[in-house]
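Taking the hints into account, I'd like the entire structure generated from these sequences.
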Amino acid sequence: MISKRTQTSLKRELRSNPIAILGVVLFMSLVIGALFAPILAPHDPTRQYSTENHQAPIGFGSEDQRTVLIDGEIQTIASDNRGTLTHVLGTDANGRDLFSRALYGARTSLMVALAAMSISLLLGTATGLTSGYYGGRTDSITMRLVDIVLAFPALLMALALFGILGPMTIWIPDPLVTSGLVSDRPASVPFPGTVTIAISSVIWVWIARVARAEALSVKNEEYITAARTMGMSDFQIIRRHVLPNCLTPILVLGTVQLATIIILESSLSFLGFSGTTLSLGFDIAQGRSYLGTSWWIASIPGVFIVAAVVGINLIGDWLRDALDPDIQGGGA
Amino acid sequence: MSTLAEFIARRLAQGVLVVWGVVTTVFLLRFLSPTNPAVLIAPEDATAETIRRIEEDLGLNEPITVQYLDFMFRAVQGDLGFSYASNTAVTSRIIGSLPATLELAFASLVFAIAISIPLGIVSAKYRGSKIDYGSNLISLGGLSTPNFWLAIMMVLVLSVQFGLFPTSGRPFGPTENLSSWIAHMVLPTIALGTYFMALLFRMTRNGVIEESGKEYVTAARGKGLPEPLITYRYILQNSLAPVVTVAGLQLGVLIGGSVVVEAVFAWPGIGSMFIRALNSADWPILQGVLIVVGTGYVLINIIVDVINAQLNPQVALS
Amino acid sequence: MAGTADLLRIRGLSTQFVTEEGQINAVNDISLTIGQGEIVSIVGESGSGKSVTGRSLMDLIEPPGTIVAGEIWYRSSELAATVDDETAVDGEYVDLRALPPAVRQSLRGTAFSIIFQDPGSSFNSSLTVGRQIAEAVEANRRIKAGQSYGTLDLLRDIVTPNRSFVSEESYDRAVELLERVDIPDPANRAEEYPHQFSGGMLQRAMIAQALAADPTFLVADEPTTGLDVTIQSGIMGLLEELQRDLDMSILLITHNLGVVSRLADRTAVMYAGELFEVGPTEKVLNEPANPYTKGLLNSLPDVTDPSAQIEPITGNVPSLLDHEMPVGCSFADRCPAATDDCRSAPPPVRPVNGDATHRVACVHAGSDGGEHLTEPVGSGPTVTDIEVPTGVSNE
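Just so you know, the sequences run in chain order A, B and C. Numbering of the first sequence is given in my numbering, commencing with residue 603 and proceeding in unit increments. Numbering of the second sequence is given in my numbering, commencing with residue 9 and proceeding in unit increments. Numbering of the third sequence is given in my numbering, commencing with residue 3 and proceeding in unit increments.
Calculated directly from the structure, the hints in this document are not laboratory data. Among the clues, some could well be false.
Straight line, CA to CA, 25 Å or less: simulated SDA-like cross-link-like pairs of lysine to any residue [stated by the list, open to error]:
| # | chain 1 | residue 1 | chain 2 | residue 2 |
| --- | --- | --- | --- | --- |
| 1 | A | K613 | C | T21 |
| 2 | A | K606 | C | E22 |
| 3 | B | K138 | B | F114 |
Which bits of chain B does chain C cover? Going by a derived footprint, with three or more residues having C-beta under 8 Å, they are [as the list claims (entries may be wrong)]:
| # | region |
| --- | --- |
| 4 | 221-231 |
| 5 | 241-254 |
All values reported here derive from a predicted model rather than from experimental measurement. Yeah, the Cβ is synthetic: ideal placement off N, Cα and C, and Gly gets one too.
What follows is the structure in structure tokens.
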């Protein structure tokens, strides 16, 4: 599907642009971390080590005096929340390991991103290509529909859909656990269904617009007319001639959308509308109450998000520079 | 060849169509849920009695077309329904919360534009310099950082650690206590406006780089025009058109972002109201906000198109 | 061609561009004179460096390009009076490249003007034609009056866009200029946008814009290329008429030998950034000395003999990359008369048939008789038909 020429431009740009390599590294780290979360995570992310809560990341923290209530008596005990290797990035208020939670949270983000991206790509490309190719009534109606969907801010729409549909969490058995490769990890992972549907419903329109633009520009080319004269069906023409042409701009747009999806997912779970607590946004929300003391609870998950999205954006830049320097860096 | 007036008229007509679509979509949304719409509309703790009353009030036993026409009819007149959870009309609640959100949105817009455009021009002119490199770095960060996390980090460093700004709230409006209002506005504005600023920066920079290489710019120099005028009227004016277009499209992101930022800073605007409505299942408020936001977005995009037409008459007249 | 009537004496001009693939020598050691009121043409294929030459004279070369060597002696006693002795010679000629940038730039839109090949992309599509010409008029006025343009002026022009920069008088003058170039109904057409003009009309408008500068020197970069043949004649006629009326010197850059034969007094043939032959147009076109010139002329169809063979020049224009340029003549690979002498060293510059006004850079052309010329400056085959103003020594 990706032509030889495209591959060459990509490789050439990658070599001359070390920043793009950084992007790939960051993104691949996210993917690998998320895929193999059960193995890479040092602890069960849901397990509460109640004696080790509020533990700082390695290199931080201090010994301190804490006033606590034990057996009805107020006592001052020594507390030590300095970071240890057991919990490299610290623990949250309930003693759950932050690093493990971050990996599982990344997994949630990735699952949602993949699912939402796939749905949007399918729906958007199909709609856009058809609309652009056939033009006329179909096109006008589709474009009005796109306008209507675009009129609603993505987050608002997602929230509203959440309000109607509820969380719709699907529990997917974790293959790494059920196959026995790891133990002492959650046996199934929660997949936020509504979040995925909600995000897809607002992302597909951007893809549709680009696909339609490509179809429009290619529609009147001579080789299309030639193909039609030779008796190719419309479907075949779209598949063989129109679709490959729009791959490049959609690929570039895809990276931008991926970043948006990840940020949307974390925003939704931050606000508490996710359906799963194994999410980076959720952890950040949790950490808000402890900014003055256990500041790492809110900070660490965010760093993971930023790193992932920076990686995706750098890859997007790489694609844009290599494939089409004419595309302006914009879009959702 | 049409004039500006015809152009506006055409866009308005299209806009009305879209707004109609918006209202219709919002109306249809409640049917996505398997539950009885009356249950959706009633507050969570409503009794069966209340639910029956709601059913009658809204004519939920009538055929759908009648319900729809009734809904449309009322919406056009500005009646967006009644919130049973808070016992007030939706429209008045929205009007009450709108100013705070508009303040934030406007301030963020100004913040974003004031930084991105001059920085974009400078970066383009001094490509490869330290300023360019630094701006690109900041822009990358701004595009990649979720606004709520940026907000929380700023609160952590600037409010909790250094006590420079208040952590949340909007105790006074600008007319009541200006300095307090400003102090409370700073962090939310930066949190909300950063993504937009980063996006506009990139587009401006790319646009200026592209336009600067074109022949009419060389021709302008050849006829002796002063360089600052060339930068402004020749390069900038022509590079702004795509920037303005994308800005208009991205406004939705800004409005969506205000929901989250308002939640973080307990800013009493439409966003906070929306979240509260979600948590108490106050569907009329959700409907009302969606309609208002959707309509507002359509209007803003029409304005954006008109601005574009002014910047680049070739597009409008053709 | 010695003469106190020379307007411009270009000596050893070299312009280079730095690109990813390396350094490109777009213009390599060009020496040329342009007399007062004279039309001199530079002919060559695309990529020969003729456009870059024109822009270099106008100081319109932007990074990654730079003018790396040479002098551009411009005869202007007023200018000479304002600069110190190092840059002025004979109290008459000034080396433009030695002037402070601000002074050099002030020539644009006052004494020097330029018109481009594609008027459609040389006009700002979002401003009316009338306004753009008025801008040229106003720029001219302001530079002559010594007015500067600072941030305050810019702010004022941003805030009041309609009355900004151009005044009523400038706009009126713009309409006058449109009339001067024979555009009908100039007042109404001035309010239209460039895309509403036809190609020929827009080129006239561009000429009108160039006239706003009251120029003594006009660079015309392919003014008729891209226009319909029927329109071309009109443009050429207009240029002829204007040149006569205003006693302008014109540097006519083109690859169209028909235009050259009609308009140009003298012709220079350029190839791969270097000049191969210079002389009065009739001599160069009828008695070409350089094999490249001969090749160019042979590749034209002959109206009088339709069945005659058209002989194209085989091969391609060579690379202009610095590390790929040949030591000897850059045309050697394509030249039917090439010998080893051609490749070993740059060809010498000699007069043709003893005529000092017609010179050629070629091992196999030109005669040794007659006066020898001053040594070419630099390594390329330059045609030095200039007399360096007294007071400056030869390197």
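Quiz item: Counting residues of the region 221-231 of chain B whose CB is closer than 8 Å to a CB in chain C, do you get three or more?
Solution: Per the Cβ count (9), the hint holds.
Exercise. Tell me if chain C covers the region 241-254 of chain B under the three-residue, 8 Å CB rule, please?
Key: holds (count 4)
Quiz item: CA of K138 (chain B) to CA of F114 (chain B), is that 25 Å or under?
Solution: violated, 31 Å
Quiz prompt | Hinted pair K613 (chain A) and T21 (chain C), Cα distance within 25 Å | solution = Judged against 25 Å, a Cα distance of about 20 Å means the pair holds.
Quiz item: Holds or violated: are the alpha carbons of K606 (chain A) and E22 (chain C) at most 25 Å from each other?
Solution: holds, 23 Å
Violated hints amount to a single one, hint 3; each of the other numbered hints is respected by the structure.
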